[in-house]
Every structure is written in C-alpha cells, then in structure tokens.
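Work out the full structure, taking the sequences as your base and the hints as a guide.
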Amino acid sequence: EISPQSNLFCIVLLRNYKAYIQAIGDLNNLFHSRMRNIIHQNDTIYSLSSNGRLANHACQLAHDHTDGVIKLRKDQLQDGGELEKVKRKRRLDFLDILLFARVSVYHR
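Last residue of the sequence shown: 108 (UniProt numbering), numbering continuous.
Check before you lean on any hint, since a few could be wrong.
Calculated pairs, PhoX-like style, for lysine-lysine (alpha carbon to alpha carbon, straight line, at most 20 angstroms) [as the list claims (entries may be wrong)]:
(1) K85 x K71
(2) K71 x K18
(3) K87 x K71
(4) K74 x K87
(5) K85 x K74
(6) K74 x K89
Bear in mind the hints are in silico, worked out from the structure with no lab data behind them. If you're wondering where the values come from, they're calculated on a predicted model, not measured in any experiment.
Structure follows, in structure tokens:
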C-alpha cells in the first residue's frame, strides 16, 4: 500500500536526485570552463568569480546528496535482516563494501 507520506518521500527523493544530476553536469561544465580561462587558474580569483561561486554551490549540493545516500544506506544496514541479506549476496555494491570495510576497521 502506498501512503501519501511515501508518495511525498518519493517526490522529494526524485527532486533531490535531479538536483544532484544537474550539479554534476554543472561541475563538469564549470571545470572545463575554468581550464580554458588562465585567470581562473588561481584559486582565490576563481572563488571570487561568479563561476567559482556556482561551482562551490554545485559541489555542496553533490556532497549533501552523497552524504544523504550514505546515511540512508547505513540506516538500512542497521536493520539486522537487511544486513544478513547483504552479507549473503555474492556480489556487493561498492557502497556496501566501503561501509563494511569502515565497520571492520572500527571493530578491530
């Protein structure tokens, strides 16, 4: 059964995902633009430019989205059933490998 709350959650996730994809595209374009402009090679000058501010904003959006995905997956793995299901998988997702490696380092 799909509740209005889960519908809203899906809409918010989709909106965040679209913003993330847009931010990655913007970062790609801004990077190439920066490489073509000799003045923007200087970090201080670039950070004061409009492109530098756009790059900073896009980078923050990308980091926020990535942090959210990691937190969501950590929360899912806190559920014992999900953790056991993932451990039985033959091939793990890259994020799961990183999270398991991090947990095993802390439990040594």
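Has the given pair, K71 with K18, been kept, meaning a C-alpha gap of at most 20 angstroms? holds (19 angstroms)
Decide if the proposed pair is consistent with the structure: K74 and K89, CA atoms, cutoff 20 angstroms inclusive. Judged against 20 angstroms, a Cα distance of about 17 angstroms means the pair holds.
Next pair to validate is K87 with K71; report whether the Cα-Cα distance is within 20 angstroms. holds (19 angstroms)
Hint consistency between K85 and K74 [alpha-carbon to alpha-carbon, up to 20 angstroms]: holds (14 angstroms)
Please verify whether K74 and K87 have alpha carbons no more than 20 angstroms apart. Between K74 and K87 the Cα gap is close to 14 angstroms, so the pair holds against 20 angstroms.
Would you mind confirming whether the straight-line C-alpha gap from K85 to K71 stays at or under 20 angstroms? holds (19 angstroms)
The structure agrees with every numbered hint stated previously.
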